[in-house]
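> Work out the full structure, taking the sequences as your base and the hints as a guide.
Just so we're aligned, residue 99 is where the sequence shown starts under our numbering, counting upward by one.
Since the hints were derived computationally from the structure, they do not count as laboratory data. Computed from a predicted model, the values in this text were never measured in an experiment. Backbone N, C-alpha and C define an ideal beta-carbon position, used for all residues, glycine too. What you were told as hints is all true, and nothing was included just to trick you.
PhoX-like cross-link-like pairs, simulated, lysine-lysine; straight-line CA separation at most 20 Å:
1) Lys314 to Lys263
2) Lys259 to Lys422
3) Lys314 to Lys259
4) Lys303 to Lys263
5) Lys303 to Lys422
6) Lys303 to Lys314
Label-pair distances were calculated between CB atoms; the ranges are:
7) Ile374 to Leu194: 36 to 42 Å
8) Ile420 to Trp110: 33 to 39 Å
9) Gln345 to Lys303: 27 to 33 Å
10) Ala141 to Val121: 27 to 33 Å
11) Gly402 to Val439: 27 to 33 Å
12) Asn188 to Ile420: 45 to 51 Å
13) Lys259 to Phe125: 27 to 33 Å
14) Thr140 to Lys314: 39 to 45 Å
15) Val439 to Arg213: 31 to 37 Å
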Amino acid sequence: MEFQRKERGWSWYVGIIFIIFFVLLYFQLISDKLSYLRGGDTASYILLAKSLASGLGFSDFNLPGNPPHTQYPPLFPLMLTPIVAFFGYNFMWMRLVGIAFALAALYVIKLYFTRRTSSAMAYVLVFLTGTSFFVLSISAEILPEAAYLFISILTLYLYEKNMDKTFASPYARYLPVLAPLMYFTKFIGVTICFAVICVLLLRIKSEAEERSAYIKKLLYFILIGVVPFVVWFVRNNLYARGVSTYQSIMFQADYYDSGLGSAGVGAIFDRMIANITMYINEVPMTFLTYLDLRKAVSPAVLKGFLAVILILFLIGFIRDLIIKRGIKDFYTFFYLAILMVWPTYGSGDALRYLVPLIPLFYYYFFRGFEVVISPGTFFTRGEVGLAALSGKGSRQAW
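Given below as structure tokens:
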């Protein structure tokens, strides 16, 4: 009890320092000298917001006939709509949306990892995420990644906290609404549906006494969390024009050259191999927040350093996926699985796609480090946990 009082005391002071530091840091991103418009995606989101603000619905008003838009999901354009309606094409106010969500994301990262580990470790993960070059740079853009980072971590936090509660709890009843918030912000958010379904199926299999309750939760989740995605998917296919939906892009040989036609099985397999190779190199790069080692050390040393990062991440991730089998683990697995087959054009695209996973990458890295220093914990469900690294017992079994 005494330790908890002391922890609350120092945690409160550290929290105030973090708030001041990150507010000052992120508001530097408003300047157009520190950010740049990232081509087609940014322009598309702004045009969709303009369409909504003009009363034309979710449509491509810049095309003949104002056809319904069938590629990007609607939630981020909706966030921009009030700004476009009242301030027009004011990029400063639009950037503020991303900055506000980035700051909110850091707060929910603190909540989420405090619950999983300790306040000290949570602050470490917040600091690493908040000062990540890739999180900073994407937060300055008029893109949905910062909003998605906030919504996805909030979803993981609320699901892990409330999934086992009965329907008498309002939190349990409203949980499935979080899934549409994710995939209507970024299409890849549908991976949360796969993750929740996997966890509920495992609970149905292992919790004999509460099997019927988990079956009801599964059916309820499918109705509230999955059906809207199916409706949106069908709607997009009905209104699709050429290569204008995510599924058509997925199976296109080259998104920028429609004349090449559809990708065959061999082309998709080649893409997957190329993506795996690329992401093996790019995932460790998300850890290089402060150091540009490319000029300071030899290529061999740099490769070794990045290999250690990748190995520790994989150890932590695979360990939790096998032993814990939680929502965060299945979510990360399905998210990465989609990236392996998704058309990616260069490291800029790859790192942008990885931004929503960066706090989980750091978490799994420390999990891998823990396994290395305590090898016997790999095959055990209950252990000291990451909280021990900060001098505190684990809050919950892994």
